[in-house]
Structure formats: C-alpha cells, structure tokens
Amino acid sequence: PGSSTRSMSLLRGINPNLRNIRNSELAPLGMRAWQIKDELRQGARKPYKELIDVSSADPHRAGVKPLSFVRQVLAVCYYPQLAKSDKLPADVRQRAQRLLGTCAGGSAGSYCPAGGIPEIIDIVCEFISRRDDGVPSYPENIFITSGAQRAFVEILNILVNTLRSPITGVLTPCPSYPPGNMAVVMLGGAVVPYYLDEEQGWELKIDELHRALESAKGVCDPTVLYVINPGNPTGHVQSRKSIEEVIRFASEKRLFLMVDEVYQDSVFEQESRFVSYKKVLAEMGPPLSHTVEMASFHSVSKGFIGECGLRGGYVELVNVDPSVMRNLYTLMSRDASTTTGQLALDLMINPPQPGDPSYPLQLRETQYIRATWVQNVKRVLEVLNSLPGISCQPVKGGGYALPRLHLPPGAIQKAKEVGMLPDYFYCSRLLEETELCVGAGSENGQRESTYHIRLCITTSVDTMEEVLRRLTSFHIQFMKDFS
Amino acid sequence: MSQEGMNGVPHRGKVLTVDNMNPNVKRVEYAVRGPIVQRAVQIEKELKEGVKKPFTEVIKANIGDAHAMGQKPITFLRQVLALCSYPELLNDNKFPEDAKNRAQRILQACGGHSIGAYSASQGIECIRQDVSRYIEKRDGGIPSNPDNIFLSAGASDAITTMLKLQVSGEGRNRTGVMIPIPQYPLYSAALADLGGIQINYYLDEDRCWALDVTELRRAVTAARQHCNPRVLCIINPGNPTGQVQSRQCIEDVIRFAKEEHLFLMADEVYQDNVYAEGCKFHSFKKVLFEMGPEYSSTVEMASFHSTSKCYMGECGFRGGYMEVINLDPEVKAQLIKLVSVRLCPPVTGQALLDLVVNPPQPDEPSYTTFIKERTAVLAALAEKARLTEEVFNTVPGIRCNPVQGAMYTFPCITLPQKAISQAKEKGLAPDMFYCMKLLEEMGICLVPGSGFGQREGTHHFRMTILPPTEKLKIMLDKIREFHQKFTQEFS
Chain Z
1 PGSSTRSMSL LRGINPNLRN IRNSELAPLG MRAWQIKDEL RQGARKPYKE LIDVSSADPH
61 RAGVKPLSFV RQVLAVCYYP QLAKSDKLPA DVRQRAQRLL GTCAGGSAGS YCPAGGIPEI
121 IDIVCEFISR RDDGVPSYPE NIFITSGAQR AFVEILNILV NTLRSPITGV LTPCPSYPPG
181 NMAVVMLGGA VVPYYLDEEQ GWELKIDELH RALESAKGVC DPTVLYVINP GNPTGHVQSR
241 KSIEEVIRFA SEKRLFLMVD EVYQDSVFEQ ESRFVSYKKV LAEMGPPLSH TVEMASFHSV
301 SKGFIGECGL RGGYVELVNV DPSVMRNLYT LMSRDASTTT GQLALDLMIN PPQPGDPSYP
361 LQLRETQYIR ATWVQNVKRV LEVLNSLPGI SCQPVKGGGY ALPRLHLPPG AIQKAKEVGM
421 LPDYFYCSRL LEETELCVGA GSENGQREST YHIRLCITTS VDTMEEVLRR LTSFHIQFMK
481 DFS
Chain G
1 MSQEGMNGVP HRGKVLTVDN MNPNVKRVEY AVRGPIVQRA VQIEKELKEG VKKPFTEVIK
61 ANIGDAHAMG QKPITFLRQV LALCSYPELL NDNKFPEDAK NRAQRILQAC GGHSIGAYSA
121 SQGIECIRQD VSRYIEKRDG GIPSNPDNIF LSAGASDAIT TMLKLQVSGE GRNRTGVMIP
181 IPQYPLYSAA LADLGGIQIN YYLDEDRCWA LDVTELRRAV TAARQHCNPR VLCIINPGNP
241 TGQVQSRQCI EDVIRFAKEE HLFLMADEVY QDNVYAEGCK FHSFKKVLFE MGPEYSSTVE
301 MASFHSTSKC YMGECGFRGG YMEVINLDPE VKAQLIKLVS VRLCPPVTGQ ALLDLVVNPP
361 QPDEPSYTTF IKERTAVLAA LAEKARLTEE VFNTVPGIRC NPVQGAMYTF PCITLPQKAI
421 SQAKEKGLAP DMFYCMKLLE EMGICLVPGS GFGQREGTHH FRMTILPPTE KLKIMLDKIR
481 EFHQKFTQEF S
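Chains as they are written, first to last, in full-length UniProt numbering: chain Z, 1 to 483; chain G, 1 to 491.
Extracted from the complex, chain G is given alone in its bound form:
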C-alpha cells in the first residue's frame, strides 16, 4: 500500500487514514456549524485579544439557539429541574407546590429516585404516557399509544435512528430518502454517513416555499431509475424556509406517500412557532387519522418533536421524542434493539420534556407566570419575523418570503456576475463568498444557502430571528448596508 495519502502527505504508516476510513464519513457536512462558524469563533478570539475590527462583537445568527441570543428560560421548567437535581430543595418553601409535585412524580419514576440512574432505553414509562396524553389532547382525542413513543436526545437522535433503521440494499436497490430543498442539513449529513441515497424535492420559492405533489412525483419517478425510494421527509413548520403547510397540502402528501409506498417522517419541532395570519399547525398524525382508516391503518409514519425550539429553547438539554405509527411489530422490535445501543436518552432531557407536555394548568400556582412568559417569547418571535420580512424586502436585491413559522429567514439574494465569478475562482459557493465577506466586514455570522440546498443558479442565506429586537434591528440595517455595498463593489 502506498505510503502517501491523497493529499500528498506521507502517512508515516498510520493504521487509520482518510483512504481506509469509512468513506461515507468524508461526505458528511453540516453547514450550521461548518467553516463559516469556525471562522466566526476565530474572529471572536481575535476580538478578545484586542485585534481591531470594524465591529466589537460577532452576532451569531447561524444557529437556532434561543438562549444563546438572550432568550430567558421559562421559570417553571427550571424550578422543576433544580428540584429534580437536588431534592433537598423540596423542603424550600420558595418553590411552588406544582413544581414540587412534578419533581416528585419524575423522581419516583427514576431508578433509585435519582435523575442520575439510567432509564429504560425507550425512555421513562410515565413520561411516555404523558407524551401520549399530550398528543391526544393536541390532536382532538385521536388515541396515542405510549408503546409507540420513543424518547430521544433531541429530535436529531430519533431522526438519525429512523434513517439508520431504513437505509439498506445494494446498487439500484439502495434506499432513497426524499428530502426537501432547502433542508435542515442534519438529513443530508445523516444520509451521507449512512450511505443512503438523497432524493431532492424542491419547495416552490415563488409560492412561499409551498410543497407541490407534482414536484414530489417528479422527484420519486426520476429516483426510481437509480435507487429504491422508501422514505419521505417533511419539515413542518419548515427549516430553513419557515413555511407552515396547509391542511390540504398535508393530505396530499399523505395520499402521495400511500400511493408511492413511502415511509413518512414528519419533523414537527417548530409546531408552536407559527406566526403568520391564516397559518395553523396541523399535525401529520391528526390529518392522517381524519382521512379515515384506509389511510390511518396503513400509512407508516414517524413524527418528531423536541424541547429545543418553540417557546422553551432548551437546546442544551437534548429532550425529544418520536411517535411511530403503523410500524410492523418486527420492525419495532429491531428499533427497540437499535435504541438500546445508545443506552438511554439524557434523563434531564426526559424530565424537561415531561414538563413541556404536562405544563401548569389554570388551577395551578405557576400557571399565570408560565403563560405570561410563554406568550412573551412567542409574541417576540412573531414580531421579529414580521420585522425581518419587512426590512429585507426594502433592500433591492434581497427578496424575503414571509416568515410564517420556525425561527429563520431564508431570503433570496441577487449577486452580481462579477461576484459569482470571483467566488468560483476562490473555489467558494457564491453565497459562501458573500457570507464570509459579511462576517469579516460586519461581524455577522449567517449560513450560506448552499449549506441547505437551493435551486441551481439561486443564492440565499439563512439568518435566525433570535437576537433581541434591538440587536436584530441593528443586524438587519447592517445587512442592508452590506448588500448595497457588495452590489456596488462587484458591479
């Protein structure tokens, strides 16, 4: 075997090299934390060391991390977590009774009454029961079976698990997974890692990122030439696009999945983040069951939720679940085996999820504060969504669809040909070139659209709407200024 690697650097006889390692790993990319973020972190270091720049801080509008941007945690959630962590606090009368009751209930369900014990790999049973009840309430009484609930370390863990379960086959029979373009790059990264075939279906930017079944059909038909399409992934509300699917659209997708014999994966982590007038979150499960037994007893589906988004923003706790529908019992047995390999989801995340699905009720002491805090967070997000769309649409060369939901804006940017050429010379995607310049000149970190996928010849960036309103205003103004300058510079 050659002693030199592909990049010309001698291996010095390494056992593990980029040539013999799992080749799928090389194809994994995750733009949200990719090179532009690494540069942003570097710049932050330089600022700390006193290097002079045209800005005093880097605004990290690349990742959907609400707390990092100053959003405050919900008091009730944190009180219960503190009580679970150090149960001696149950004797402290500064904590409300409802918080104490929740904590005691959670601790009773833990091994040795401690959140430090392993839980069952599917998750603590009484929490799965609470999740079922929450789903039933949300979906107007449609039954949910706790045995179909799998708690997970954030939704990402469950999504990756389901993909792992389903990617198989060789050559033309290799599993194909349909994902929206633009998409949240966890999907493409997971498929690269697993060696699954990515099947892109394009959302329609001109119609506010609508999902068109004719486009789904085009994509799956073309894909059948070279792989075995088996899974259809939907993100609703959308990331990075923010669109909230209409009920009709969801029905059409379900019908399509049944016709084409596809497993549906419904990523619904932004279900509470719906802002636009006339938009409403419809859960895939609810729509499925309301379509009658012909669909509800046959279509196989997994829907995902998490504690990272909505009004909680508790990304760091890694709480989440999936509900599986119509899974073959033998497949479910394999799934149960698969999740046991990662032992159990973080118990603090499970506890947090329990509170999210079982929040203070109107007759409980924490209710008023809880509702006030939750309403404030969601109202602020709605206002920032509106403001963002408004400001961006005043900039020639930036076209921004309404941010109907989720936490991001994904505007289309027009780049002068000269800029596109220069980017290509540097070996960069044009929107990466744009975003890098924005970072270096304005200290704003966004993620280029190429990291999420987009139609050929179009360029975008994803910006979170999470910074506090005042900072967001400044950021929007700076981007407007930058865009005008950039357009001039490369005209």
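Pulled out of the complex, with its shape left as it was, chain Z reads as follows:
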C-alpha cells in the first residue's frame, strides 16, 4: 500500500500539459515495425525478407547516402590527425582547419558560445542574404540550436503565456508536423487547426485562416500563426502571392509568424520555387516589413544533406522587440547546442564551389539525390493515382507523399470493431502482411472522415519501386476484401 499511494501521488502531480500531448495510440505501429525487424533478423518466415520503413522522412534511414564532403570534414574535425595525410581532398582539410579554428581550444568537444559560434552565424547571415537576393540578415537575430525543433520550442516558450486567461492559441496547419503541435500542448498553449485544401494540392486558403481564428473566440487567445513551407507532410510549395496573403493576415490580426522552412532545399517540381517568408516580407516594404514579427527556422535534417541525427539548425528573428531578444538570449544560453550540428550547418549552407576539388563529387551526389526525388514522386503519383480507392495530390516539395485512402464502409466498420482508427487499421494490416511500414494520416491530423497514409519519398529509387509493388498488391486485395 505504501508504494502504490506514493506512486499515485506522483502521477497526480505530473505536469497536466503532458497528458494532453496526444500520440500514444500510434506509437505501437513503430514498435511493431521494430519487432518485425527483429523477428526477420532471427530468421522468422514472412512474405517478404526485409522490413521497409518509409513512415518518417529520415533520408539516411531510408537508404540515401550522406554527402561525402560533409562526412569527410566532420571526420577530420573529430580526429585532426587525418589532416596530416593527403588521402582526403585539400578543400576538406582546409575547411576542417577553418572550422576547428572557430572552436574554443581548437576542439569540436568544447562548448559553443551562447547563441552559436559567431563565425558560423556570419556564414548563416551571408547564406540567407544570398538566398534572398540581397535582403540583409543580422547576426544578433540568429540563434543556432540543436535542430530547428529546439529553437521552435524555445520561441514558443516565450510566446505561450500560461499565466494569462484565456490561454495562448497557436494557429496550426492541418495536416501538420506532429512534434510542432506537441510542443504547443506541452507548453500549455492551445492548438487551433486551420485545414489545408486537399483538392487544391493542400493549398493554404485565407478564408480558412479567418474561419479558424473565429473558432478560437472564447476558447483561447490566438497569438501565433504557425506555417510550414514547403508543407510537411503535404508537399505543397506556397506561391509568393499566398505568402503575401498570409503575411497580411498575420499583420491584420496581430499574430506572430512562426515559419518552418526546413524543406526549402527539397523542391522537385520545375514550376515551383521556394521563396522565403523573410524575402517576401522585405519586398512588401514598409510598414509590413518593419512591423510583422516573425521567426523562421531551417535545419540540416532535410534537403540533400539529410543529417537528422546530427541535430543542427537555426532560427532567424525579424522585428522582435529588443528586450524580448535579450530574454531569448538568456534562455538559449542555458543549454549549449551540439558543436557537430553547427559544423554541419556550415557545411550545408557553404558547400564546395566550382573549382574546389570536392565540387564534382558533391555535384554528382546532389544531382543523384534530386533525380531520385523527382523519379520517386513521379512513380508514386503514377502508381497510386491509377489504383481504385487511393489518390494522391501532386507533391511539389517536402519529404512525403500523403495519399488519400477512399476506404470502403466495410473497412471503416472493421476498424471500429477492433478499436483502431481506420487509416491506422490499414497501416497495421499493411505492416503485418507486407512488412511495409507507412505512416497513418491520423498522426498529422486530417479533416473528419478522411483518411490518409504518409510515405517518405526521400528513399532510393529501388526501394520506392518495392514500396509501390507491395502497396499495390496489398491495396488491391484490401479493397477486394472489404468491398
């Protein structure tokens, strides 16, 4: 009795926001995938010999190779003796030397200064300015962190005021990036979803933003507008016009803009082009350019570099009150970010240039990756749009395809009977029968009574063909079984 009362009281006393973070019902899919992988390793007999997991946009996990230049430089940074031999190209050795020179004591093992290594922050400023055709970027507005998510949480931390009533509301896209929503809930904020328009390729419609804002009346105090461009998991790339509309809306309704742009290098469709919110804002001129408050995020997790595990990213603040910036600086200084992540950031935004010894290989590698994306997207759309009961909007960028399942009522009924969400039921069956793990759309959010699956397109061409083979044969059978 003693220990159970003790544990009970600890549970009663847990931060109540944590209980509000939803997601546990979908974790079993991932766990089952690990289990199947183990079973296969131990020689279990199954329809297919290998588990394929395309549920998360983790390029390396999905079979994409790291960029050679990046990994060579990091190796030399960790073990500088490597610079003594000629085996690695000269630009690798030089870059490692320069980067180590920015680290205290010349070691990748020392703490980074609060906010980030100044020399790398300068490179980030140059990169942003170059990307945005000359719009200036200032070091004091940049914080380098262990991944964009860390910066996202810290900015939200400042924005979400739990001591006020009503609580802070954050307009979030639906479908969305689950850890983004979880962060809002964890900090005691309210998620106010705005639905992206699937029929129009997951476009962001201003009318829908208005509706969402209306819906928050009396429930919470919306202060933040969270946008993801290119869309995750939708694959939509916003037009300049759309971005302008959103900025005007944010200004009008006095919302702080949080813009996740981690997929900015992952745009596949010829006609689409990524343009940054910062650039658009600057080009809209005063008063908007001087007043709209914004945080935009980038990371080394996506794009060609795909280094999710290294944890590198940054946030750029625009038009934020200087006193708030000072507080943000103190917040950011409490816990150092990983040096590796900062080095990887430099390597991503400052790649080998024509004339550098590593340039030809880097070019080949990135072109290969790009060609893979384009091919994968083409095949996914081709194959899935030709099957009954499944359809997929064009994927212009990002890391995923988010096909829609048009499930027969029988399947939905069966799912209810076994106590599963319909798309989760589909994914679960798919996993058991074909050892293929895809994500369930419920995890990202979707309109009532619509169902989706999520598959990462940043995998190898062969893997994608295998994914489509298994999915096709499963899907046809599934539709037959439940019609």
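Keep in mind the hints are simulated off the structure, nothing from the lab.
Honestly, I wouldn't trust all of these hints.
Said to hold, decoys possible - Here chain G is said to cover these stretches of chain Z; the calculated rule only asks that three of the stretch's residues, wherever they fall, bring their Cβ under 8 Å from a Cβ of chain G:
no.	region
1	95-105
2	112-125
3	149-157
4	178-185
5	251-258
6	336-343
Virtual Cβ for every residue (Gly too), placed ideally from N, Cα, C.
Take the given structure of chain Z and dock chain G to it, following the hints.
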C-alpha cells in the same frame, strides 16, 4: 492596452512584448554565461582590435570547458567518432581494430547505418544496454534495466526534462524543488522557466560544504507553508563546491527523501573527478540498493551522467543519460511522450557515451594509450585542485575549502565594507563588483558567488581549475595580487 512598455519605450504596437510574453522567462538567469562573460567576450574583441590593456589575453575560468582550456581529447574516442562519421576510414589500417569494431557496432544500430539518421527518442537501444552494463559494473552488480535508461543531450537535457515532468499544481500546491546552495544555476534557471518553487538548503561551508539532514529538514518544513515540496536535488560531487559526499551522508539523504516523500534527483556528472585522500564516489543507486528492499523498492529517483566532464571533457558533443528508479509505469509513459517532443538526442553524443561506458579493455590494442591519457588528465586535475587550495589559503581574506572533486573552487572572499557599499550604489552584488574589477584589471573571468547562491552576507567566486598548470599558477598569483590591492583600495 498601453502603448508604452515598462521601461518607457513605446512598443510601436508589437505583438510580442516583455509585458505579455511568458512571465517566467523574465526570471531566468544563468550566471555561468551571464553579463560578466559577455563583458569578457567584449574585452577579447577589444584586444583583437589592438586596444591596450594591462593584459594580453582574457583567461576564461568561468565555464567548466576542459578542451577550451587546452585539455586534449582522448584519442580512442575521437578515432571511433571519425570512423562513425566517414565509414570509408574502416579500410584505413592506421585505425586500431578495437576502434573499428566499436564504430561498426554503433553504425549497425543506426538507421541506414548512418549517424545522420534519427534514433529512437529514448536513445539507441544497444547503447542503452551498454549504459546498463556499465552501471551494473560500477555498482558491484546491482541490476540496471535498459528500459530505465534515457539518453539525453548532456545531463542538462535530462535534468530539465525531469523537472518539466514534475512541476505542477497551483498556489500552495505548486511543486517545490529542493536545491543546494550553492548550486549549479541550471537548476534555478529551469525552475524559474517552469514556474516551480525553489527551496534552498544550505551546504555547510565550515565543514567543507557538508550536507546536513537537519538543514534539509529545516528547509522542507519551512517550505510546506507555501508550496508542495516534491523533489530533492543533490549534486555529487558538488558544483560549484567540489565536495564529495560520504556514504553515510548519502544514506541519510535517502532516508530523508523516503520520510518526506520526495523524488530524488542525483546529478553525478563529476563521478570520475574525485581527488582528495579519503574521498570516494558512491553512486546514489548503489547506496539505495544496499539499504535493502524497504528503500530500494520504494524511493523514486533519477541519476544523471554526462560526457562533458570527468576525463573526457567533451562538452560540445552533448552526450548524457539518466537512469530512473521506481518510476510509476504511467509516469514513465508520460516521460517517454515528453522526450519524443525533442525528437532524439544528438547521435554523435550517443556514440560518444557508448565509448565512455564501453572503453578499451586490457586485452585490446587501444588500452594502454587510453589508460595513459585518462590517468594523465585526472592526475593533472588532482594536482591543480591541490595547488589551487594551497595558493588561495595563503591570501589573507580568501578562504578556500579543499577541492575534493569536480572542476571548480569556490573560495570565500572577505570584502571591505567600503567595497560592499560602492557595489550596492552601482546596483551590483558585491562579488559581481569584485569579479568585474578583476576582469577589467587582470583579464581573468570568474563567476561571482551570487550567481550560484550563498549565505546572506558572504561572498564567493567560482573559478575553474582547468587552465594548464603553468597558466593556472599565473592566474592564482594574479588573483592573490588583485585581492591584496582590492582590500587596500577599499580599506
């Protein structure tokens, strides 16, 4: 709403202001990287620009960063990290076999065999298993379950997570967290951020910073008037104080935690940094289990370790873990959810941790060099600890407890009344006033004791013992000189 902010500056209609932002954020301070460090960085810039000063460099003895102060990385660790980073090097015969084997094992456990893939949010499973084995070996065979191991981005990440988990309640029911004074200011900063109630318990400077259970009892009893004390944090070996708790003391603390129904958080990141004769590191877990099932099956605890300190000093890699004991399964489920919000700890940090808990064995090729390097680092630290205590205790007005462990000294400084008054006039804590002057006149950056907490009316500074011995000697002499000058100037 008023258009003017609290400091009189018009908001110009800002959406986010210091008045409407999360008010907890305003209360967050972190002295280790606070204003004095910012001034030090400024001075460094000025020196670079050719401004003349009474010194040619700033010695940054404010932060526990060994590599920044010239300590060399351990060869084996860096070899494996290089191999993990660029696996083509596995074909290079300049790397020893044991390094290659470790790298291959780590890569096998990574998604797509790459350290660039996300790991599970609790950390790579085989590394958690290795951590368990390490703990079992360290604690004389007491079992450790890998499911109770959470890898983290340094110990700070795990400490903040556990506090986040536990701070709740309103008004008189708000969670209170007991922290030592002096403390490592991550704790106070995290509590300010979370709106948790900080409950101070004072370490006894006269008895070498001993932890007294009567003081714990005093603190918790007083705290019950205004909050709900639920957590007790211990740092052992201590930061900034360096004391290494005796086994008896740890038992007493455990008994106290059980009586008062408190969750124990044992910050043990300096567990290899023990120098003084007669001092030994006892892990809280080991002592807990040796006290028998009455305690080991009931007391709830988390202990923390990291790759930032000890002999490795790899602060920049952000490697660490916590082991949770007797956590209610439902609470653990919430914890698992919480850590997933930050996705995963840096994989390079996880890899590094794996090497720390799984170092070269006597029959392996890298063993001799590894032991030599590790011994050299720890011996140098022990010598510098001794030297520091010796020199400081020759200075009238500076009283320095033995540096039993960790990486710092926290001497008590006597300040003349005139200096204290002048500091107050400038709106500065007296020891901040002292440290600022030391920085401007001698180019030495320390952190004032007020940044860590101290008994009212006492003043201290924290200095790391990390600079190379020759530089440390110079620094100690300069501080001695400065203190004498300061005392005279303000007499």
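Hint-by-hint comparison with the structure:
no., hint, verdict
1, 95-105, "holds (count 3)"
2, 112-125, "holds (count 3)"
3, 149-157, "holds (count 4)"
4, 178-185, "holds (count 3)"
5, 251-258, "holds (count 3)"
6, 336-343, "holds (count 6)"
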